[in-house]
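Asks: 954 is the number that my numbering gives to position 34 of the sequence shown; each next residue is one higher, with no gaps.
Some hints could be false.
[Said to hold, decoys possible] Simulated restraints on C-beta separations:
hint: 1; residue 1: F981; residue 2: P1055; range: 32 to 42 Å
hint: 2; residue 1: P959; residue 2: T1049; range: 34 to 44 Å
hint: 3; residue 1: D991; residue 2: T971; range: 29 to 39 Å
By construction, these hints were calculated from the structure, which means they are not laboratory data.
Quick reminder that beta carbons are idealized off the backbone N, C-alpha and C, glycines included.
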Amino acid sequence: MLHNEEQEAIDLTSTLKRAMVAILAVGSLLIPAYALATPAQVGYNTTLQATDPATRVAYFFGTLQLSVSDDGLVHGWYQPQYDGSYTPVTGSYKNGKYWLTLGNGAFQVFATKMRDGSLSGTATNTDITSKNLYPQTFDFYARPTQV
């Protein structure tokens, strides 16, 4: 016959095993729910072409990663090809139209999602400095890297 202490140890081990099984079961249910709630990211190769009259023909290339939630909120990042830094992107999406803000809000993109999944629109840099005495404007194009 088992001593009282041995029986308590066996009972505690059994309780711990049941608790671990319960935790694993609940965890396995939460993983699919989290996966459904997390929007997929879409990657783009971007091209900005300066369009303001004072700027010579200039193209700027980069990559864009966007996630759109069910309620239309957009978040992601932009990485210019020339320096590789990452700039946060926020905005909204509704009825095939994107409104995006990059970084501190001075750079804004208005784009339409095309049938092939690409984005086409305009961009404005409203950051007025001694170098840029007026807002710079660009044609914006983004081609999906994955469909």
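Asks: Would you mind marking each hint as holding or not holding in the structure?
Replies: Hints, one by one, checked against the model:
For F981 and P1055, the Cβ-Cβ distance of about 21 Å falls outside the hinted range of 32 to 42 Å, so the restraint is violated. The supplied range of 34 to 44 Å is met by P959 and T1049, whose beta-carbon atoms lie about 35 Å from each other. Checked against the hint of 29 to 39 Å, the C-beta distance between D991 and T971 comes to roughly 33 Å, which is consistent with it.
Hint violations for this structure: number 1 only, all remaining hints satisfied.
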